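Asks: Those protein sequences? They're chains A and B, same order as listed.
For what it's worth, this note's numbering labels the leading residue of the first sequence as 22, then goes sequentially.
For what it's worth, this note's numbering labels the leading residue of the second sequence as 22, then goes sequentially.
Every clue listed holds true.
Since the list can't tell identical chains apart, any single copy or any two copies may satisfy a pair.
Distance condition first, Cα-Cα at most 27 Å in a straight line; then the derived DSSO-like pairs of lysine-lysine: (1) LYS60 to LYS232; (2) LYS138 to LYS24; (3) LYS232 to LYS189; (4) LYS189 to LYS114; (5) LYS176 to LYS138; (6) LYS232 to LYS176.
To be clear, the hints were calculated from the coordinates, so they are not data collected in a lab.
Remember, predicted model here, so these are calculated numbers, not experimental data.
Number of protein chains: 2
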Amino acid sequence: MEKSIDSFEALTHRLREHPDRKRVAVVCPHGESTLAAVKQAEEEGFITPLFVDDADPQAASRRGVELVRQGEADILMKGLVQTADLLRAVLDKKTGILPPGGTLTHIAVAQIPTYHKLLFYSDAAVIPYPTAPQRREQVKYMVGLCHRLGIGQPKISLIHCSEKADAKNFPFTEDYLQIVDEARHGTFGSCVVDGPLDVKTSCDLHSMEIKGIRSPIAGDADGLILPDIEAGNLFYKTVTLFAGAEVAGVLQGTLKPVVLPSRGDNHRAKYLSLLLAAIAG
Amino acid sequence: MEKSIDSFEALTHRLREHPDRKRVAVVCPHGESTLAAVKQAEEEGFITPLFVDDADPQAASRRGVELVRQGEADILMKGLVQTADLLRAVLDKKTGILPPGGTLTHIAVAQIPTYHKLLFYSDAAVIPYPTAPQRREQVKYMVGLCHRLGIGQPKISLIHCSEKADAKNFPFTEDYLQIVDEARHGTFGSCVVDGPLDVKTSCDLHSMEIKGIRSPIAGDADGLILPDIEAGNLFYKTVTLFAGAEVAGVLQGTLKPVVLPSRGDNHRAKYLSLLLAAIAG
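This is chain A alone, in the form it adopts within the complex (with noise of 0.2 Å):
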């Protein structure tokens, strides 16, 4: 049994050891960070990226669409183009790639200096408030995406402020009640889910042990499904900013991963996260 992957490097040795070039179609490839990013994993041998061009980025963004659709693309990348442009065309009923009911919502994962794996974080981008159905899309993904990479049994933290449950003025927190229930009986497939936790109580033992709190998670968490995306974005921003950390990330729910940097990425975290992608892909 191959060894679970817990950093960036670990990630990297995987994708050399398996080596399976994954096509990454990229929407209106400019940007000095874009092309830096889809270069390096072109010259490591990871992907080989195919260019989509046009002076209409929504043309551009219906054509890279298409290429996943095709079977053509494994990954869709976006270039220099609005997020609203390319996500109309990936949302597109008759000629988009999501699903019939499928939830689009984005998983990412951070590498901080002063945890010792790699931490999964959903949702920092898409979903503003996740409905119990979505919630459970996101657990889904979230555990797929660790079993990609090796992680058995990945401990997922459902995060809440408290670690309890508050229908009245949290009703989000009676679904994360459900939730790890179905997760007992195996809906989410191998994994163990908790919650509501807080992120201390989810990565630390001893705040956990100081709090008088049992849980299997046991400051141990692989993953966070977050409460909101103003709580995704704010974990995203401040491990970044004031923790050092790499972060890369992905949508799911598409019938491919769609690489969707934030303006703000630099070259590294758009090329960890074509990593991510071709991992999950």
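Since the structure of chain A is already known, use the hints to place chain B on it.
Replies: What follows is chain B alone, placed relative to chain A:
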């Protein structure tokens, strides 16, 4: 003019320069970290503790609150008592210490090794989803607290996952725009308020410039008004766990500051909170 306080060390120095022992009513003075924090602040000359003990924690809470009402205590501190018990006494309409129409909210300040000064944030502990009037009070209290620390014109950032207001999905971002406008007209006194902005553009000039945003915050925020308690709590837990931050917090809106540590807080956090309350009072 005195230099502004930009670290907990500077806060300690300031309190030493202006010896004015605050009388702290410690409700149910038990628990190792609480006692150690009180003892240290007393030995350093900052406070005089008034221990309010009773086999009935509710009675102790009422007595502690009464000491503040009668002007016999300058700070109320929670010891080994349930938060709900203490807050019930604080909020009691007849015998409590929240003025009629007042807003109880939590303000904390973090010293993050990777940031160049103290960073205030609100609300990580009390108000789940602030209404527009509550949000204004949060800004008002934060500006006031910054002034107390000698920050003449604090830069306060109204946090959202994007820099665009979105009335449909995020109604509070409309409040943000109005608050920014009111701040410009002097409603909150000497301060600079801007938003919506995310944490990274608020605290890092480079991130702001990459995004092509212009803001008077200019990556130099003194304080963050966080969208809701989930974001507030996540910020607190993330900077302390992953970025090595130390934090202090107080309740605002009451006649006198209330120190309400959470179970997970260590001796140092409680001690720093007493110092913050001493300068806030």
